[in-house]
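Enquirer: Under the numbering used here, residues 1123 to 1319 are what the sequence shown spells out, in order.
Source of the hints: derived by calculation from the structure; they are not laboratory data.
In this text, all values refer to a predicted model and were calculated from it rather than measured experimentally.
The reader is advised that the hints may include incorrect statements.
Straight-line distance between alpha carbons at most 20 Å, and here's what the computed EDC-like set of lysine to aspartate or glutamate pairs gives [as the list claims (entries may be wrong)]:
1. Lys1225 with Asp1152
2. Lys1235 with Asp1272
3. Lys1288 with Asp1272
4. Lys1269 with Glu1244
5. Lys1235 with Asp1152
6. Lys1137 with Glu1182
Computed spacing ranges between beta-carbons, pair by pair [to be verified]:
7. Lys1144 with Asn1200: 35 to 43 Å
8. Ser1251 with Asp1162: 13 to 21 Å
9. Gly1286 with Glu1222: 35 to 43 Å
10. Arg1227 with Leu1319: 29 to 37 Å
11. Lys1140 with Leu1319: 28 to 36 Å
12. Lys1144 with Asn1275: 30 to 38 Å
All C-beta atoms in this analysis are idealised placements derived from N, C-alpha and C, irrespective of residue type, glycine included.
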Amino acid sequence: MINGEWKKELIDFYKKRKEYIKKYFNENVDFTEIIDPCIDKKRDNPIMIIGEAPGKREVELKSPFVGKAGENLNYLINLSGFDRCRDFLITNAFPFRTYENNKNRTPKSDELKIGAELLKKEIDIVKPSLILLLGNSAIKAFSYIDKFKDVKNLKKCGVYEINGYKVGVCFHPSPLAFNRKDIKENLEKFFKNLKSL
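Produce the complete structure using the sequences and hints provided.
Expert: Have a look at this one:
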């Protein structure tokens, strides 16, 4: 693929996700499009960050990782020495907000299985230099992709070579996780080491 052509293909793919998911789920899913706003500025083969699912704040701003967890992620990205807009493509294990009684909820297994099908296509388009799975939902969804099924058995905050892909596995930078000193320190160390990979 010619440099940069993947960006158009990715945007076209994102436009089709909603209708694909609506074939399976309609209740308790907010289909507001949440797309990394810097796609046109990305370098080729960016690092792909996969989180859980958009939350209420992400829906309001139509952008991934912009709530409190997003503030924590920005802090970690600053430690890495990379640029959020240029070097990372930020996406989710399930692309739309899942909720119950208007409160964010963790995507269910059947939702993550559909999310995994979409992630596989997204990875094929983006061809990331490194895939970062942040949190249990991202890890679980990824394990539903055949060639990555063993990812759930890997130790957190490590980077592994899996079927020709570099895959990093670590904690989600949620406020609850960040309040735990051991998790915060592991995330900080993990992101500080990204440039050496």
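Enquirer: Please write out, lowest number first, the hints stated earlier that are contradicted by the structure.
Expert: none
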